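Given chain A, put chain B in place with the hints provided.
Those sequence lines, one after another, are chains A and B. Mapping of the first sequence onto this note's numbering: residues 180 to 289, in sequence order. Mapping of the second sequence onto this note's numbering: residues 36 to 149, in sequence order.
Honestly, the hints are just simulated from the structure, not real lab data. Small disclaimer: the values here were computed from a predicted structure and weren't measured. Just so you know, not all the hints are guaranteed correct.
Stated by the list, open to error - With a straight-line cut-off of 30 Å between C-alpha atoms, the simulated BS3-like cross-links for lysine-lysine are:
{"hint": "1", "chain 1": "A", "residue 1": "Lys223", "chain 2": "A", "residue 2": "Lys241"}
{"hint": "2", "chain 1": "A", "residue 1": "Lys206", "chain 2": "B", "residue 2": "Lys136"}
{"hint": "3", "chain 1": "B", "residue 1": "Lys84", "chain 2": "A", "residue 2": "Lys223"}
{"hint": "4", "chain 1": "A", "residue 1": "Lys250", "chain 2": "B", "residue 2": "Lys93"}
{"hint": "5", "chain 1": "B", "residue 1": "Lys84", "chain 2": "B", "residue 2": "Lys112"}
{"hint": "6", "chain 1": "B", "residue 1": "Lys57", "chain 2": "B", "residue 2": "Lys112"}
{"hint": "7", "chain 1": "B", "residue 1": "Lys93", "chain 2": "B", "residue 2": "Lys112"}
{"hint": "8", "chain 1": "B", "residue 1": "Lys57", "chain 2": "A", "residue 2": "Lys223"}
{"hint": "9", "chain 1": "B", "residue 1": "Lys136", "chain 2": "A", "residue 2": "Lys230"}
{"hint": "10", "chain 1": "A", "residue 1": "Lys230", "chain 2": "A", "residue 2": "Lys206"}
{"hint": "11", "chain 1": "B", "residue 1": "Lys148", "chain 2": "B", "residue 2": "Lys84"}
{"hint": "12", "chain 1": "A", "residue 1": "Lys250", "chain 2": "A", "residue 2": "Lys230"}
{"hint": "13", "chain 1": "A", "residue 1": "Lys241", "chain 2": "B", "residue 2": "Lys136"}
{"hint": "14", "chain 1": "B", "residue 1": "Lys57", "chain 2": "A", "residue 2": "Lys241"}
{"hint": "15", "chain 1": "B", "residue 1": "Lys136", "chain 2": "B", "residue 2": "Lys57"}
{"hint": "16", "chain 1": "A", "residue 1": "Lys223", "chain 2": "B", "residue 2": "Lys112"}
{"hint": "17", "chain 1": "B", "residue 1": "Lys84", "chain 2": "A", "residue 2": "Lys230"}
{"hint": "18", "chain 1": "A", "residue 1": "Lys223", "chain 2": "B", "residue 2": "Lys93"}
{"hint": "19", "chain 1": "B", "residue 1": "Lys93", "chain 2": "A", "residue 2": "Lys206"}
{"hint": "20", "chain 1": "B", "residue 1": "Lys84", "chain 2": "B", "residue 2": "Lys57"}
{"hint": "21", "chain 1": "B", "residue 1": "Lys148", "chain 2": "B", "residue 2": "Lys93"}
{"hint": "22", "chain 1": "A", "residue 1": "Lys206", "chain 2": "B", "residue 2": "Lys84"}
{"hint": "23", "chain 1": "B", "residue 1": "Lys104", "chain 2": "A", "residue 2": "Lys223"}
As the list claims (entries may be wrong) - Which chain B residues stay away from chain A? Per the calculated CB distances, all over 10 Å, these:
{"hint": "24", "residue": "Val46"}
{"hint": "25", "residue": "Asn52"}
{"hint": "26", "residue": "Asn90"}
Where is the CB? At the ideal position from N, CA and C, for every residue including glycine.
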Amino acid sequence: NAGVMQNPRHLVRRRGQEARLRCSPMKGHSHVYWYRQLPEEGLKFMVYLQKENIIDESGMPKERFSAEFPKEGPSILRIQQVVRGDSAAYFCASSDTEAFFGQGTRLTVV
Amino acid sequence: AQSVAQPEDQVNVAEGNPLTVKCTYSVSGNPYLFWYVQYPNRGLQFLLKYITGDNLVKGSYGFEAEFNKSQTSFHLKKPSALVSDSALYFCAVRDGAGGFKTIFGAGTRLFVKA
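If we strip away everything but chain A, and leave its shape as in the complex, we get:
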């Protein structure tokens, strides 16, 4: 049973480009969470999704950020028109009781 898979592990984007981060949950898990971690900081909740539904997006910035978890395929976190402040590690987790985390995608905006 593969764990939570995130790709890419590292992503470099120029300011103004789009970033797409993918997350495949553990087999059998239908709940996916996205968190952001700035350097030397803790985890900030962004969004919680079930298949085809956004349950809680209270941690998502109001502009440029969106997330989806389609019926088929991975969950996608999309950041449009990236800025330097978007540089961070983005972690995806899926859960039954406890959450299991992917290795993260480290986004660098240059």
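Quick look at chain B alone, frame taken from chain A:
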């Protein structure tokens, strides 16, 4: 709304000594409590959880945590620290009556000196 507090940014302990990393929480329903560890440039690894039952729960790598309902605490402990325990530790809480959203504390960095 649930919340988690880790009052210490950093904990320093000598190898072989006991360690404690503190966590307090707030939820409206029954708490589901978790500890995770993060090594540099890695994702979070699950250590242990409290859902119900015994207040003292044992987890990976010799760690344990004690659930204290009256103090709304869930401190992480280990009787004898190892240098390899040095990492970032996160406490997390989920409202057992309120779905799957898990909220994490800010993290506590543990340094174990040889």
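Now for the hints, and whether the structure bears them out:
| no. | hint | result |
| --- | --- | --- |
| 1 | Lys223(A) <-> Lys241(A) | holds (15 Å) |
| 2 | Lys206(A) <-> Lys136(B) | holds (19 Å) |
| 3 | Lys84(B) <-> Lys223(A) | holds (20 Å) |
| 4 | Lys250(A) <-> Lys93(B) | violated (37 Å) |
| 5 | Lys84(B) <-> Lys112(B) | holds (13 Å) |
| 6 | Lys57(B) <-> Lys112(B) | holds (9 Å) |
| 7 | Lys93(B) <-> Lys112(B) | holds (10 Å) |
| 8 | Lys57(B) <-> Lys223(A) | holds (19 Å) |
| 9 | Lys136(B) <-> Lys230(A) | holds (15 Å) |
| 10 | Lys230(A) <-> Lys206(A) | holds (13 Å) |
| 11 | Lys148(B) <-> Lys84(B) | holds (27 Å) |
| 12 | Lys250(A) <-> Lys230(A) | holds (6 Å) |
| 13 | Lys241(A) <-> Lys136(B) | holds (19 Å) |
| 14 | Lys57(B) <-> Lys241(A) | violated (33 Å) |
| 15 | Lys136(B) <-> Lys57(B) | holds (22 Å) |
| 16 | Lys223(A) <-> Lys112(B) | holds (24 Å) |
| 17 | Lys84(B) <-> Lys230(A) | holds (25 Å) |
| 18 | Lys223(A) <-> Lys93(B) | holds (27 Å) |
| 19 | Lys93(B) <-> Lys206(A) | holds (26 Å) |
| 20 | Lys84(B) <-> Lys57(B) | holds (15 Å) |
| 21 | Lys148(B) <-> Lys93(B) | holds (24 Å) |
| 22 | Lys206(A) <-> Lys84(B) | holds (21 Å) |
| 23 | Lys104(B) <-> Lys223(A) | holds (25 Å) |
| 24 | Val46 | holds (15 Å) |
| 25 | Asn52 | holds (25 Å) |
| 26 | Asn90 | holds (18 Å) |
When each numbered hint is compared with the structure, violations occur for hints 4 and 14.
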